[in-house]
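Below are the chains, spelled out letter by letter.
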Amino acid sequence: MFHVHGVTKVYQMGEVQVHALRGVDLDLYRSEFTVLLGASGSGKSTLLNILGGLDTPTDGHVYYGERDLTRASEAELTRYRRYHVGFVFQFYNLIPSLTARENVAVVTEIAKAPMQPAEALQLVGLDERMDHFPAQLSGGEQQRVAIARAIAKNPDVLLCDEPTGALDSETGIVVLEALQRVNRELGTTTVVITHNAGIADMADRVIRLADGRISQVHVNQTKLAPGELSW
Amino acid sequence: MKAIDKKLWRELWGMRMQALAIALVIVGGVSIFVMSLSTLDSLYETRESYYRNHHFAQVFASLKRAPLALIERIREIPGVDKVETRVVAYVNLDVAGFDDPVSGHLLSLPDNSPGLLNRIYLRKGRLFEPGRDNEVLLSEEFARAHGLQAGDTLGATINGRRKTLTVAGLALSPEYIYQIAPGAMFPDYQRYGVLWMARKPLATAYDMDGAFNDVTLTLSKGSSPQDIIDRLDELLKPYGGIGAYARKDQLSNRFLSEELKQQKTIATVFPVIFLGVAAFLLNVVISRLISLQREQIATLKAFGYSNFAVGLHYTKLVLMIVGFGVLGGVGAGIWMGKGMSNIYMGFYSLPFMIYVLKPQVIAAAALITMAVAVLGTLYAVRSAAMLPPAQAMRPEQPAVYRATIVERLGLQRWFSQPTRMILRHIERRPVKSLLTTLGIAMACGVMMIGGFQEGAIDHMVEVQYGMSQREDLIANFTEPTSLRALYSLRSLQGVEHVEGVRNVPARLQFEHRFYRTSVQGIQAEGTLMRLLDTELNDIDLPPEGVVLTDYLAELLHIQPGDMLTIEVLEGHRPTVQVPVVGTAREYLGVNAYMQREALNRLLKEGNAITGALLKVDARYQREVYAELKDMPRIAGVVEQKSAIRAFYDTLAETILFFTFITTLLGATIAFGVVYNSMRIALSERNRELASLRVLGFERAEVAYILLGELALLTLVAIPLGMLIGYGLCGYLAFRFDTDLYRIPLVLGMNVYAFAALVVIVSAIISAIMIWRNLAHLDMVAVLKSKE
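Quick note, the sequences are listed as chains H and R, same order.
Straight run, no breaks: the first sequence in our numbering ends on number 1724.
Straight run, no breaks: the second sequence in our numbering ends on number 800.
In short, the hints are calculated from the structure, not lab data.
Some clues are possibly wrong.
[Unchecked claim] Stretch-level coverage of chain H by chain R, calculated; a stretch enters the list once three of its residues show a Cβ under 8 Å from a Cβ in chain R: (1) 1538-1550; (2) 1558-1572; (3) 1582-1594.
Since we're looking at a predicted model, the values are computed, not measured.
Where is the CB? At the ideal position from N, CA and C, for every residue including glycine.
Input sequences plus hints: build the corresponding full structure.
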């Protein structure tokens, strides 16, 4: 589904050049649950941003199906994000002025074949709190709204950047359960980046990044349920 | 330097652009404040100094003729300081190459001196040389209007005899700062001038050797003008005195005082609006600045700094920015104030200008600005410092929102999510939204003031000279004349219609209130002078009783049905009681009107008239004028229409300038409020909007959320602004009301449309700038940052 070939990303930070990615080759498959594991500065976020069409590589190519994302225009990238990608952020990024249901609706209103906002919220177990505003929800609940928002448009791929990074372990597990359920029931390709090695055990495949390169790829023979993870 | 103070300087440097933007707003507010008030103080001070140095008289009186010996008896009146007698004549003038009627006042000067009182200021040339009897000094404005220089000549009809006068020099006088012909409402430097001549030749020409017909005096400290006026009137009565008056009733001084009063109103209204808007922007920008420092405040507190120390730290930061703004504003204000004062110096024929900058003005501007800034700072610091440090260092909780009233009414299914975001954002910050709306509305209102003046003056002139006074020429006789004089006027070729008028100076009294004006006896059922009611319909003047200008009735607190006491200031000076039968709408001057026959009966005289109103075929106007000028019994001819035209010419420039200023001011305010509000909203909602971009929203869709709010607030602000504008204009019109003129509150559609247009254009320009900012939303940063 994704074919990443020789991707390099160099940032100019003042007078220093920072090599975030140094020639990454990678393939991602449909309906797969992948965990990108790495310490901070390993380049995992940069890779996720490039996959999500938020950033472009300095060198190399990223194919989404047949399409070369590295050659897409600003408007094409907007359409790509709009119709194909679901994002979940570390800090939720909900719209404070919209209720949980409306935060989902804000995306479904511009999508092509979305599910009902209520349905998406039900999937993440929030059917009771649909008409609450973000300020009235706990951190875990806010993150589950963010997941519902990301999946409601029936995206081809779900990209999650440290989705449990701001949560305690108990709430984190509830959020991961929601992600796993979506992956299992809807078959959405899911990429989760984290520095928490424990989460790796629930993935189909674990890709480790270090210093901008892929250092190890590991396929889990038996996946653990989020509740069984050692945090 | 302590570390925390170094932080202050570095941060100030780091946010220099933002600081500069804030400082500029302050510069705008403070400079207009300082400019307006210092210009006003300068005008007052200059007038005072001019009056003092040139010994401007405090009491004035005209009479028919009195022997010079009377001066001793005037001096004996207790409280009189200096006395000067003069010969004054109203003459027709002939300027080569100028065909319209020109009239002027010819004043005597003591031989070869600038005079004892009302001393002239010699601008160019020299005083008269002994023996040269035909030399005159011209008022500078009049000379400039005709391009006359020292050495040039002009013709004059002096006591029925043609004479050629040579210009010896140009002069200014405190008596004619505002140079206006008697009975006219507008200065017309081409058609009315002031001339000074040596006393001897002037007295000889008017048979005033050893006599005088005008006297002015100053008072010793602490004496009351009214007592002296009463004594002087008593003294001059046998000599044809027509009533003395105090400096406050002197024409030039009165016009100038009214103008200064208007300036004062404008000088208060504008800076208050501008400083108010600047204060609002300052408060908003600074609160935002401080709340962005939330984490730093928490860190400082974690190190053990007290709330007070943190508050002081940020107060210092803000005061530095404000300090720069105030300094710049005062500097710019002084520079603009000096420029404005110089413009006024030319406008009012002042020989010099003393620039006055009162410390109170600077102190007030600095205090208001600093107080607003410090309050905004402390409020923001307080809310940041209230949190325990650990909590403040965590990301801020989502802001609390709720469904809006419209939605709770069940209308939400009509709104998309972005529209709901707009509505909820406005409702969550009602005070801020209201202030933004109010700011834009103020801009709209300010703009209407410029257009209002123009429309109002048009209306004023249309009513006064289009509907009420419809004559082409007014001829004034040297003294009351028989009605038969009209026959000779009617026989002139080109004269279509003639009506006689009888004017008599009088003191009107009701209860303890009195007013000096003239009673005008006009022709019954005449067509050239018509009185109008409040709906501008003709009033039929009843055969008995008097009709007063509505403003005069208000001044005297008199109503139709009451008895008015009229003390005639001429001839046998009868005092009579006349019923008030109605009031008339007039925008210029205040008068009392009666049927001419009724007034004649009251004065116990036959069919006497003092002037004639003429309707003249436009083709013969020049000829008629030339013939009138040759009639010895006609003292002067007034042609209102050319005076209006001249007035319009000068006014057009002034109004254009004023409209330019108000438009600039309005547009600046509109732009400042809209752009700053949106800029702040953008930085506050940067994360939210970038998230939407990440979710696949296009730039236009994101812009809708931000700019839709702006559009909604602007649309609400415009009608509100029109209301404010109407109120401001009404306030100005009310404050401008004087017995000289009343400005009607007439606002045409074009005034409203123009104000709305400028606001909308300013909003669109801000929107374009915000649209460009939206291109730079950082989508990557937003995923990592926690606010």
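Results for each hint:
no.: 1; hint: 1538-1550; result: holds (count 5)
no.: 2; hint: 1558-1572; result: holds (count 3)
no.: 3; hint: 1582-1594; result: holds (count 10)
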